[in-house]
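J.: Sequence:
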Amino acid sequence: MTVFLDCALHAAKSAREVILNHYRNRLQVEIKADRTPVTIADREAETVITDCLLQQFPDHGVHGEEHGRRNADADYLWLVDPIDGTKSFVQGYGFFSTQIALMHRGRLILGVSCAPAMNELAWAEAGHGAWLNGDPLSISEIAEIDRAAISTGNIQSLASDRRWQLLGSILGRADRTRGYGDFYHYHRLAAGQLDAVIESDLNILDIAALTVIVTEAGGRVTDLEGRDIGLSSTSVLAANSALHRRLLAALNG
Numbered sequence: 001m002t003v004f005l006d007c008a009l010h011a012a013k014s015a016r017e018v019i020l021n022h023y024r025n026r027l028q029v030e031i032k033a034d035r036t037p038v039t040i041a042d043r044e045a046e047t048v049i050t051d052c053l054l055q056q057f058p059d060h061g062v063h064g065e066e067h068g069r070r071n072a073d074a075d076y077l078w079l080v081d082p083i084d085g086t087k088s089f090v091q092g093y094g095f096f097s098t099q100i101a102l103m104h105r106g107r108l109i110l111g112v113s114c115a116p117a118m119n120e121l122a123w124a125e126a127g128h129g130a131w132l133n134g135d136p137l138s139i140s141e142i143a144e145i146d147r148a149a150i151s152t153g154n155i156q157s158l159a160s161d162r163r164w165q166l167l168g169s170i171l172g173r174a175d176r177t178r179g180y181g182d183f184y185h186y187h188r189l190a191a192g193q194l195d196a197v198i199e200s201d202l203n204i205l206d207i208a209a210l211t212v213i214v215t216e217a218g219g220r221v222t223d224l225e226g227r228d229i230g231l232s233s234t235s236v237l238a239a240n241s242a243l244h245r246r247l248l249a250a251l252n253g
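Position 43, counted from 1, in the sequence shown is what the working numbering calls 43; the numbers after and before it change by one each time, with no gaps.
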């Protein structure tokens with residue numbers, strides 16, 4: 001474990017305490033300019049995370065969901081979403097998580113995904129595998145669409161995409177379909193319990209850490225055009241390499 005991962009895990013666990021202290025309490029909810037909700041729990045958790053990171057790495061940059069960017073041109077940039085899934089958090093069910101990733105000169109090299117209400121902590125570093133609650137993660141080897149379990153996220157935006165009919169054809173062929181969304185289907189994908197994730201209408205803070213985790217579990221993660229995940233990404237196609245190749249062709253046929 002590097003000092004980067006040790007620090008990120010400590011930050012995630014510290015944020016977990018803050019988040020659970022507020023969970024299922026009556027919180028005031030504000031609506032941001034992008035029409036997403038935010039609470040005191042989001043802001044306090046992000047402060048705890050960034051304090052942990054910058055105390056140890058003061059020269060690093062941080063891009064946070066609630067407090068924006070600091071030193072964004074630094075070689076090392078932390079990507080932080082303190083509560084991804086604030087709507088679920090506010091409504092009192094456990095489909096929310098803390099996402100912490102590290103990017104070095106544009107390349108994602110570390111990811112931590114902590115789901116406090118479900119007691120799941122996943123992490124990965126480039127070249128060192130992926131782990132969930134201390135157990136190694138390994139993606140499935142299912143390579144055919146008609147044998148695959150596929151989970152989709154943000155159906156509303158997918159329905160308005162030019163690929164909607166193509167996606168419908170894929171899901172009609174699949175062995176099983178799910179719509180878990182947020183962190184949950186990526187954890188299941190990395191653990192070999194799902195075979196693919198197709199998702200749109202998201203941003204890099206939602207998926208940076210999960211991209212590292214799925215990749216280190218043996219998966220391939222791109223956007224729906226097949227481009228590597230980066231700061232401007234807004235969609236995801238994730239699966240093992242063989243299934244990813246078939247799904248990418250079907251989505252862009």
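Simulated from the structure, these hints should not be mistaken for laboratory data.
Be aware that a few hints might be false.
What follows is a set of in silico ranges between Cβ atoms, one per label pair, in the way DEER data are often shown [what the hints assert, rightly or not]:
#1 Arg147 with Asn203: 44 to 52 Å
#2 Ala249 with Asp34: 28 to 36 Å
#3 Asp59 with Lys87: 32 to 40 Å
35 Å max Cα-Cα, derived DSBU-like pairs, lysine-lysine [stated by the list, open to error]:
#4 Lys13 with Lys87
#5 Lys87 with Lys32
#6 Lys32 with Lys13
For each residue, glycine too, the CB sits at the ideal point set by N, CA and C.
J.: None of the hints should be skipped; say for each whether it holds.
T.: Here is how each hint holds up against the structure:
| no. | hint | result |
| --- | --- | --- |
| 1 | Arg147 with Asn203: 44 to 52 Å | violated (32 Å) |
| 2 | Ala249 with Asp34: 28 to 36 Å | holds (33 Å) |
| 3 | Asp59 with Lys87: 32 to 40 Å | holds (35 Å) |
| 4 | Lys13 with Lys87 | holds (21 Å) |
| 5 | Lys87 with Lys32 | holds (13 Å) |
| 6 | Lys32 with Lys13 | holds (26 Å) |
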